[in-house]
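Whenever a hint applies, use it, and build me the whole structure from the sequences.
No gaps in the numbering here: position 180 of the sequence shown is 180 in full-length UniProt numbering, and each next residue is one more.
In short, the hints are calculated from the structure, not lab data.
Treat the hints with care, as some may be off.
[To be verified] Calculated pairs, BS3-like style, for lysine-lysine (alpha carbon to alpha carbon, straight line, at most 27 Å):
hint	residue 1	residue 2
1	K150	K199
2	K97	K167
3	K73	K128
4	K182	K167
5	K176	K187
6	K180	K207
7	K108	K88
8	K169	K108
9	K60	K97
10	K86	K167
11	K97	K169
12	K150	K176
13	K176	K108
14	K60	K169
15	K97	K84
16	K151	K169
17	K167	K100
18	K108	K60
19	K199	K151
20	K176	K199
21	K150	K73
22	K100	K176
23	K151	K100
24	K73	K187
25	K147	K207
26	K60	K86
27	K150	K100
28	K86	K187
29	K147	K182
30	K88	K187
The structure presented is a predicted model; accordingly, all values stated were derived computationally and were not measured.
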Amino acid sequence: MAASKQSSRNYGRRARASARARRNLRAPAEREQQSVRHRSIHFLPDADLFRAPAMASGVKVTDEVIAVFNDMKVRKAQANEDEKRKRKKAILFCLSKDLKNIVLDEGKEILQGDVGTTVQDPYQDFVKMLPPNDCRYALYDATYETKETKKEDLVFIFWAPDSAPLKSKMIYASSKDAIKRKFEGIKHEWQVNGLEDLKDRHTLAEKLGGSSVVSLEGRPI
Numbered sequence: 001m002a003a004s005k006q007s008s009r010n011y012g013r014r015a016r017a018s019a020r021a022r023r024n025l026r027a028p029a030e031r032e033q034q035s036v037r038h039r040s041i042h043f044l045p046d047a048d049l050f051r052a053p054a055m056a057s058g059v060k061v062t063d064e065v066i067a068v069f070n071d072m073k074v075r076k077a078q079a080n081e082d083e084k085r086k087r088k089k090a091i092l093f094c095l096s097k098d099l100k101n102i103v104l105d106e107g108k109e110i111l112q113g114d115v116g117t118t119v120q121d122p123y124q125d126f127v128k129m130l131p132p133n134d135c136r137y138a139l140y141d142a143t144y145e146t147k148e149t150k151k152e153d154l155v156f157i158f159w160a161p162d163s164a165p166l167k168s169k170m171i172y173a174s175s176k177d178a179i180k181r182k183f184e185g186i187k188h189e190w191q192v193n194g195l196e197d198l199k200d201r202h203t204l205a206e207k208l209g210g211s212s213v214v215s216l217e218g219r220p221i
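Structure representation (structure tokens):
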């Protein structure tokens, strides 16, 4: 009788040990499944949040844009007066309607020959060209004086006003590197988010040379 009870107790202990072993084997798998479910929920992206940069991926810069940059960058001492007048003083670039290319913003330019005739203050006219509620890229050929000498420098400007649609700001921001890579050798870059920053020419003067700049486009700083 005692042997039977002892055998029963041993069997119970073995059964409980076997049950614990099965639970221990299942626990890592269950924990891994919970972890996987947790990670998949945590990293699930919002499609709307990333849609705009995705549309801008692979954007190309047209040959016309590159040609304008090269013309503005290289100042030819042998150029005749007609060629000098046709050189760009300022120009805007925008994304094409299908968002695949960076193109010239038609009609949005100031020629060197306009300065002093139809354009008295090229900087102010440039500011007026920028759309108040949308983004643009721009090149501006700044003429300024320091305490030592007179200079000319190209400035690459990324215009992204606060009033522009969020989608537009995201697309232009994600496409900026595409155009910057084509504009090799530009020393000055300026991102502007509001007209107040543009209207005060001191801000551009700071970009060009800080306190050493005494005038910009013939206007004292």
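Inset, instruction - Report the numbers of all earlier hints that the structure fails to satisfy, in ascending order. - result: Going through the list in order, the structure violates hints 10, 12, 15, 16, 23, 27, 29 and respects the others.
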